[in-house]
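**Q** Just so you know, the protein sequences line up as chains A and B, in that order.
Heads up: the first sequence begins at 2 in the numbering used here, then just goes up one per residue.
Heads up: the second sequence begins at 2 in the numbering used here, then just goes up one per residue.
Worth flagging that the hints you see were computed from the coordinates, not collected in a lab.
Mixed in with the good hints, there may be bad ones.
Copies of the same chain look alike in the list, so a pair counts if it works inside one copy or between any two.
[As the list claims (entries may be wrong)] Once the Cα atoms are required to be at most 25 Å apart in a straight line, the calculated SDA-like pairs of lysine to any residue come out as: (1) Lys95 x Leu42; (2) Lys154 x Arg57; (3) Lys196 x Asp58; (4) Lys212 x Val234; (5) Lys151 x Trp59; (6) Lys151 x Arg57; (7) Lys155 x Asn43; (8) Lys104 x Met130; (9) Lys151 x Arg201.
Given next are the chains, with one letter for each unit.
Protein chains: 2
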Amino acid sequence: MGFLFLFLMVTTIGTALAIPPATYQNHLLMPHSGFEKHSHLNCPSWRLAVETHNIRDWTQIPEACVGYVASYILGKQYRQDCDLISDEAYNYAKGLNLTGDGKDVWVFDVDETTLSNVPLLATTGWQLMAENSVEWFAKGESPAIPGPLKLYKKLVKLGFKIVFLTGLSKDFTEIRIRNLKAAGYTKWEKLILKKVDDNRGAVAYKSSERKALEEEGGYRIRGNMGDQWSDLVGTNTGDRTFKLPNPMYYVP
Amino acid sequence: MGFLFLFLMVTTIGTALAIPPATYQNHLLMPHSGFEKHSHLNCPSWRLAVETHNIRDWTQIPEACVGYVASYILGKQYRQDCDLISDEAYNYAKGLNLTGDGKDVWVFDVDETTLSNVPLLATTGWQLMAENSVEWFAKGESPAIPGPLKLYKKLVKLGFKIVFLTGLSKDFTEIRIRNLKAAGYTKWEKLILKKVDDNRGAVAYKSSERKALEEEGGYRIRGNMGDQWSDLVGTNTGDRTFKLPNPMYYVP
Numbered sequence: 002m003g004f005l006f007l008f009l010m011v012t013t014i015g016t017a018l019a020i021p022p023a024t025y026q027n028h029l030l031m032p033h034s035g036f037e038k039h040s041h042l043n044c045p046s047w048r049l050a051v052e053t054h055n056i057r058d059w060t061q062i063p064e065a066c067v068g069y070v071a072s073y074i075l076g077k078q079y080r081q082d083c084d085l086i087s088d089e090a091y092n093y094a095k096g097l098n099l100t101g102d103g104k105d106v107w108v109f110d111v112d113e114t115t116l117s118n119v120p121l122l123a124t125t126g127w128q129l130m131a132e133n134s135v136e137w138f139a140k141g142e143s144p145a146i147p148g149p150l151k152l153y154k155k156l157v158k159l160g161f162k163i164v165f166l167t168g169l170s171k172d173f174t175e176i177r178i179r180n181l182k183a184a185g186y187t188k189w190e191k192l193i194l195k196k197v198d199d200n201r202g203a204v205a206y207k208s209s210e211r212k213a214l215e216e217e218g219g220y221r222i223r224g225n226m227g228d229q230w231s232d233l234v235g236t237n238t239g240d241r242t243f244k245l246p247n248p249m250y251y252v253p
Numbered sequence: 002m003g004f005l006f007l008f009l010m011v012t013t014i015g016t017a018l019a020i021p022p023a024t025y026q027n028h029l030l031m032p033h034s035g036f037e038k039h040s041h042l043n044c045p046s047w048r049l050a051v052e053t054h055n056i057r058d059w060t061q062i063p064e065a066c067v068g069y070v071a072s073y074i075l076g077k078q079y080r081q082d083c084d085l086i087s088d089e090a091y092n093y094a095k096g097l098n099l100t101g102d103g104k105d106v107w108v109f110d111v112d113e114t115t116l117s118n119v120p121l122l123a124t125t126g127w128q129l130m131a132e133n134s135v136e137w138f139a140k141g142e143s144p145a146i147p148g149p150l151k152l153y154k155k156l157v158k159l160g161f162k163i164v165f166l167t168g169l170s171k172d173f174t175e176i177r178i179r180n181l182k183a184a185g186y187t188k189w190e191k192l193i194l195k196k197v198d199d200n201r202g203a204v205a206y207k208s209s210e211r212k213a214l215e216e217e218g219g220y221r222i223r224g225n226m227g228d229q230w231s232d233l234v235g236t237n238t239g240d241r242t243f244k245l246p247n248p249m250y251y252v253p
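Assemble the whole structure, with the sequences as input and the hints as a guide.
**A** Encoded structure:
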């Protein structure tokens, strides 16, 4: 979802503009990151601290851990981690009693939750580059992450209504509809994208959209799955949240 | 902090009573755990899901992962994970402006946060047994976890007041004072233990104690560190929370 900010910026400021924090060198100058204090950074410790939200507001993978993150994401572990969390979400979901009024919803984030941008990241040195991202999104070929896709299908079967809530700009609505369908997400109750001129951070934006779902839409958010803590904190977070791994980028 | 419940139970119900969920066989019957669905449980995935609060309310380490957890805790990784999180907490803390009125506090949980019960767990097959725990606590020899101890010393130097907040029963107050001092925690503003007849879960109990600190005591909780999510969620959680790893037991 770093992409989402990218795209908000891209569509707001203009497609020719490159996004600044995109080189390895930059991380040495990062404020508040604390990475530079760890001369012998232990990458498994770094990843755990990121996933448990102990390290926040980081802007890119520490240089010493780029290879480690690549191995993790491209190897089996990332997929298995996503599978186990999706299984746990299903174990929770199948124990719920649905009312049958069509108001029990499950909220999914999109990027790195239901769709994967790993094919892009893996070819750009795990860096976010505006130009690459624009091309990539325009293709509409982001694949599904297997665990969450399987979960999605089971939730639909159980009777949950699905809400996709993404920080990506509304400009990408048609592309995203096409991409979600191509990836196997064939139906949903709502697909919420961010207004082009909405400059709020993810926590404020997503909280307000979830609040509108519950207070205006009369929906009950029974589950909420995302790859960023900013998908899962704030208000109206849902009865239970599920955090997928993402040691690739951070969305505040 | 499973110990804390243990001890509440022990001191409430009587020291002769063994705590039930203490054998490997039990986990097959665990409700809501979902472990039995994972015939080929991937232990790193299980641990990540525990640490990110995706798996909740588990009662013991899955049998397939006991060896994995033992290796993790007794090897270097656990210590390094605790070090990195403590470093990150210090990086955050040193950037704060303290008022100098003695009301800026840092809340630490005790068991598996400031003091370690690993010497007990490692000799009891990573199982909580009431008798062993009683003997163990009575010794008052729980060692400090190195990272948080170092953090504690630095926080004191920066001018933070320290509050230890534990779910352990007040019956253990004197033992705990002795143990904390022996382990290197030489001064604090408050050491809060649980009333013997307080049967609330950790989230309710700790939230209400933190609320009292802020609303009655006029303290500002600038940081809050624990090994359980129940230390860090609820109300009055503090300006920022830090989650240490604990794949050994779960306190709701």
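**Q** Identify every previously stated hint that the structure contradicts and give their numbers, smallest first.
**A** 8, 9
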